[in-house]
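> First residue of the sequence shown? That's 5 in this note's numbering, and the numbers climb one at a time after it.
It should be emphasised that the hints constitute simulated quantities derived from the structure, not laboratory data.
Do not take every clue at face value.
To be verified - Under the rule of at most 20 Å between Cα atoms (straight-line distance), these lysine to aspartate or glutamate pairs were calculated in the EDC-like manner:
#, residue 1, residue 2
1, K161, D131
2, K58, E46
3, K58, E21
4, K58, E117
5, K161, E180
6, K161, E147
7, K58, E24
8, K58, D86
As the list claims (entries may be wrong) - Here are the simulated distance ranges between beta carbons:
#, residue 1, residue 2, range
9, N71, W45, 27 to 37 Å
10, Y141, R25, 17 to 27 Å
11, S143, L119, 17 to 27 Å
12, K161, A18, 33 to 43 Å
13, K161, R65, 53 to 63 Å
14, C155, P33, 15 to 25 Å
15, R65, Q173, 36 to 46 Å
16, E20, E180, 46 to 56 Å
17, C155, D50, 20 to 30 Å
18, T123, S70, 44 to 54 Å
19, Y141, A62, 21 to 31 Å
Just so you know, even glycine gets a beta-carbon here, dropped at the ideal spot from N, CA and C.
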Amino acid sequence: MLSQAQSTTAAPRALEELFERLYVQYHRPLFSYVLRLVGHWEQAEDLTQETFVKAYHALARLPADSNYRAWLYRIATNTCYDALRRKRLIQWLPFFDDDAGPQTDSPEHATAEALAVRTALAQLPADQRTCLVLYIYDSFSTEEIAQVMGCSRGAVKTRLFRARERFRQVYVGIEERRP
5 MLSQAQSTTA APRALEELFE RLYVQYHRPL FSYVLRLVGH WEQAEDLTQE
55 TFVKAYHALA RLPADSNYRA WLYRIATNTC YDALRRKRLI QWLPFFDDDA
105 GPQTDSPEHA TAEALAVRTA LAQLPADQRT CLVLYIYDSF STEEIAQVMG
155 CSRGAVKTRL FRARERFRQV YVGIEERRP
């Protein structure tokens, strides 16, 4: 894990080394997060790359005591929102994680459940969906989510509460209609 107190006001080579460590440590989780937000593999690759380009250019201005993880996720969130606004497109593709939920005996049931989760997530407002994805899939604290979202911790808690409630309502409705 990178030291949060590492100085970012160091010489250019030190900044390059810091950036390389950030890239190695956060590329994969950041890509997964971006993929969940935009739903397209190729677009997620492009937006993750764009996130790291923006981070590289801003790294020298970052205070030494910054939370790098929250900072990178904030850049990724803003980059995704910009892209989604430009394209006005949000599509959720199947995403399966090894730890995404309880295992089932039937692949059909797992696929139907994943579809129900995607459908329920897609019906949440973007800010609630972002909070829920960061909290559930990426294990962010409410404080880290607040940094990523640029809002107060209280606002994050409210969004998480509303997101869970809305998700539960939509998910139950989908499950009740399933044969």
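> Hint by hint, say whether it matches the structure.
Evaluated hints:
With a C-alpha separation of about 12 Å, the suggested pair K161 and D131 falls inside the 20 Å cut-off, and the hint holds. Annotation: proposed proximity of K58 to E46 holds, straight-line Cα distance about 18 Å (limit 20 Å). Taken as a hint, the K58 and E21 pair is honoured in the structure, with Cα atoms around 16 Å apart against an allowance of 20 Å. With a C-alpha separation of about 36 Å, the suggested pair K58 and E117 falls outside the 20 Å cut-off, and the hint is violated.
The suggested pairing of K161 with E180 is violated, with an alpha-carbon distance near 28 Å, which exceeds 20 Å. Only pairs whose Cα atoms come within 20 Å are accepted, and K161 paired with E147 is accepted, the gap being roughly 10 Å. Between the alpha carbons of K58 and E24 the distance comes to roughly 14 Å, so the proposed pair stays at or under 20 Å and holds. For the hint linking K58 to D86, the alpha-carbon distance of about 13 Å falls within 20 Å, and the restraint holds.
A hinted range of 27 to 37 Å holds for the C-beta pair N71 and W45, which are about 28 Å apart. Between Y141 and R25 the Cβ separation comes to about 23 Å, which falls inside the hinted range of 17 to 27 Å. Distance hint for S143 and L119: a CB-CB separation of about 24 Å, consistent with the stated range 17 to 27 Å. Against the hinted window of 33 to 43 Å, the Cβ-Cβ separation of K161 and A18 comes to about 38 Å, which satisfies the hint.
The beta-carbon spacing between K161 and R65, approximately 30 Å, falls outside the hinted interval of 53 to 63 Å. Look at C155 against P33: about 22 Å separates their beta carbons, and that is inside 15 to 25 Å. One distance hint, 36 to 46 Å for the beta-carbon pair R65 and Q173, holds here, with the actual separation near 43 Å. Taking the beta carbon of each, E20 and E180 are about 55 Å apart, inside 46 to 56 Å as hinted.
For the pair C155 and D50, the beta carbons lie near 27 Å from each other, so the given range of 20 to 30 Å is met. In this structure, T123 and S70 break the distance hint of 44 to 54 Å, their C-beta atoms being roughly 37 Å apart. The hinted range of 21 to 31 Å is satisfied by Y141 and A62, whose Cβ atoms lie roughly 25 Å apart.
When held up to the earlier numbered hints, the structure conflicts with 4, 5, 13 and 18 and fits the remainder.
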